Amino acid sequence: MKTPELVVSAVPHVHGGNSIPKMMMNTLIALIPAVVIGIYFFGMDAIRVVVIAMASAVAWEAILQKIMGRPIAISNLSGMVSGLILAMLLPPTAPWWMICTGTFVMILLGKEIYGGLGNNPFNGVLIAWVVLQMSYPDHMMYWLAPPGDFMTEATPLEVLKYEGVGSIAEHFTILGLFIGNTTGFIGEGSALMLLIGGAYLLIRKVVSWRIPVSFLGGIVLFSGIFWLTNSEEYASPLFHLLAGGSIMAAFFLATDMPSSPVTPAGMLIYGFLCGVLAVVIRLWGAWYDGAYYAVFIISILTPLLDKIKSKVYGR
Amino acid sequence: MKSGTFPGGLSLPVSAAGVSKPFESVPPSQTVIIPLKQHIGEPCAVSVKKGAEVKMGDLLGESESAAVHATVSGKVTEIIKKFPGMSGGYVPAIGIESDGKNESGGFLEGSDPMSLIQKGGVVDSDVEAISLHDKLTLAKEKSVKALVINSVDVEPQMISRASILAENAKEVASGIDIISQILGITTVYIGVSENAPNAISAISGACSSAISGACSSAHVVGLKAKHPQSMQELLVKALLGKEVPTGGSPEDIGVTVISVETAFFTAQAVNDKKPMLERFITVAGNGIGSPKNVLVRIGTPIKDVLEHCGVAPGHGGKVIIGGPLMGTAIHSADIPVTKETTGIYLQKEGDIAEFPSGVCIKCGLCVEVCPMRLMPLLISGFSESGSYAMAEANDILSCNECGCCAYVCPVLIPMVQWIKLGKSEIRAQRSSE
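Residue numbers (my numbering), protein chains in the order written: chain S, 1 to 315; chain R, 316 to 748.
Note that these hints are calculated values from the structure, not bench results.
From a predicted model like this one, the values you see are computed outputs, not experimental measurements.
Take these hints with a grain of salt, some might be off.
Straight-line distance between alpha carbons at most 25 Å, and here's what the computed DSS-like set of lysine-lysine pairs gives [said to hold, decoys possible]:
#1 Lys-557(R) <-> Lys-336(R)
#2 Lys-309(S) <-> Lys-485(R)
#3 Lys-311(S) <-> Lys-390(R)
#4 Lys-738(R) <-> Lys-311(S)
#5 Lys-735(R) <-> Lys-309(S)
#6 Lys-309(S) <-> Lys-557(R)
#7 Lys-539(R) <-> Lys-205(S)
#8 Lys-455(R) <-> Lys-416(R)
#9 Lys-307(S) <-> Lys-735(R)
#10 Lys-336(R) <-> Lys-364(R)
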C-alpha cells in the first residue's frame, strides 16, 4: 500500500467560518426593520433613495476598483451595506444626482483611495454624509412628513433647537419618537426598529456591545446632568436617546470597524466620547443633531485610543 | 462547587455524543518505533543492542529524567540515529519487531516514589512534554504548596482527559496522593470541564472515599468548556485567580500543574511498579464520525491507530498530532505515538481550513478572544513586516499560540503562523547575542 500524501500546514487547522460577506449580510439583515418602517412612512420616495444609493454605491465600487487596478470585490457586500446606510441618512426627497455624488465620495474618499476596505481612517458613509450636508444643505433638510396630523414639519431636534424644550411635548409623544413617526432622514427615526436591528448585531456578535452601550451611556449621562439641573431648559435624556440619530449612530456608524478602536477600553472611551460630543453639538452647536458629526470627529482619536491596551496576562 | 473560567477564549460546540467514553485498547503493532527523546531535555542513552531480544517493559534507554521501555516483546531490529522528533530536529529511536507473544518483563525495582517515577519513564504532556521527575524536582526547589490536576480536555473534541477521570478515578486519586506526598502539597485543585458530569462525580467520589491524603480535601472545580482552558497558565487563573508572571512558570507562584493521565501513570509506576508503556488518546476530527478514545502503546505507528478506528487519512487529507487548533500536522502516518501525543485529529481533503490572508479590517475579534489579552492583529502584523522589535515590545513572547485569533478572523489572516515566525526570529536573535 502506498502511503497517502498528507497535507502539512501551520496551526490552526480549523476556522470558525466568519467572513466579511457574512458580517455584511448580518448588517443588512439588521438594517431591514428600520428600512422597512422608513418605507412605510415615506413610501415610494424612500424606496427610490434606497435603490439608487445601493445600486450606485456598488457601481462606483466596481468602476473605481477597475480604474485602480484592484480585484473587483463587490461580492463582499460592503458596498451594498454602506450604500444602504447612506440612504438611511438622507431625506426621502433627495435628488438622484445628489445620491450618486454621495456614493461616489463615499466609495472614493471613504474606501478605495486608502487601498480598499479596512484601511479607511474615517467611516466612508459619514465622509459622504458630511460632504452632502455642507454642499447641499437645502436638499438635506427638505423634509417629507410621514402620514398623520402634524403641527410641524420640523424634526424633533429642530424643534428643540429653534423652539425650545417646551414645544417638544406639543408636537411629539415619547411613543411616537420611539416608533419613529416623525420627520427626518429615512432610516434614523424609529428607535424601536433600530434597537431590534442593533440587538441582532449584538446577538450575532458582528459588533461588540462596548461602543453602542457606552455611546448611549454618554448621551444619557451628559444630557442627564443638564436635565437634572434645569429640566425647564434642557430636554430629558430619554428625548436625546430617541430623537435624531442617536441609536442609528451608536449601532451602525460608530461601530464601523476600520475607523473605530479594537481594544476593550478604547471602545468604551470612544463610544462615550461620541455620546458626549453628540450632546455638546446638540446643545451648543450650530447644527441641530450632533450624533453623526460626533462619530466623524471622534474617529480621529481611534489610533490614540487603540494605544490603551489591556494589561497582558502575567505582566 | 463553583464554576471557573478565564476572560476570552472560544466556546466551541462540543460533540453531544457524550463527553466521556471508555478506552479501547489498540492491539500491538507488528513493528514499533520508540523515540529515545519523548520530552524536553536530553535524549536517553541507548541501553540495548541491535538484535537483542526484549520483553514488554524492558529498558531501552536510560536518563536522569525518564527512562524509555519496550512496549512489545520481540527483537530490536534497528537503532535509528536520526528519527524526526515531534518538536523539530532529529532524535534517536529504536525499532522493535514484535514476536506476537506480548510477554511482560520484570517490574520496576525499588520503593522510592521519585526514583520509580524516573525509572517508570513517566512524562507529563501538555503543550510541552516534561518528564515528571524533572517537573517534581523543580516544584520541590520552589517549595510548591498547591497542586493543580489538569483534567480539562486539551482541545475541543479531544475527550480523553474527562474520560480518564470517569474510568479510572481511583488510580488518579492515588496518583494525586503520591505526588502530594512527594511535594508536601497542602491544597489540591482538580479542574474538570463542567460539561463532563460523570467525570466530576467519579473523581469527587474517589476523593471523598479517601480517608487521608491530600486528595481527600481536594477541590473539584467545574470549569466552563472553553478553548484553551487546558493551558496551565489559564487553569491557574481560573482555579486560583492568580496569573503566572510573564516568562515564568506556575512553580514561581507556588503551583504545579500536572495532567490527569500523568497522575494515573504515577500510580501505576509507584503502586504496581509498572512503567509508562501506553498513552490515552482521543481520535477525532471530521475524518471520523464521533470522537473515539483509545489506549495506545508507545511506538505504535499512527496509521495502525487509525486502522483500528476504521478510518484512513486519504490522499490530500491531514493527520494532526494534538487537536484542531494547536496540533501539529504530520507528513506521514508512519510516525509513532509517543508520550508527547495528546490526541490525533483527522481531516479529509476538502475539510482543511485555508488561510489566504486578506486585509485586516480592524474588527477587533482577535483582541476580544485572546486569553492572554494581547493584540494579535498588531503582533502578527509587526511580525509579517519584519518589525520584530515592535512585536516584542507588544509582548509577542507572551502568546501561547492557542489559535483563537486566527479561528475567528473574518479575513483569514494566518496570525499564529506569523506570530510563531516572529517568536522564533526574536529567540534566534537573542541566542546569537
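Structure-based check of each hint:
no.	hint	verdict
1	Lys-557(R) <-> Lys-336(R)	violated (33 Å)
2	Lys-309(S) <-> Lys-485(R)	violated (46 Å)
3	Lys-311(S) <-> Lys-390(R)	violated (57 Å)
4	Lys-738(R) <-> Lys-311(S)	holds (20 Å)
5	Lys-735(R) <-> Lys-309(S)	holds (22 Å)
6	Lys-309(S) <-> Lys-557(R)	holds (20 Å)
7	Lys-539(R) <-> Lys-205(S)	holds (20 Å)
8	Lys-455(R) <-> Lys-416(R)	violated (41 Å)
9	Lys-307(S) <-> Lys-735(R)	holds (23 Å)
10	Lys-336(R) <-> Lys-364(R)	violated (40 Å)
Of the numbered hints given earlier, the model fails hints 1, 2, 3, 8, 10; all others are met.
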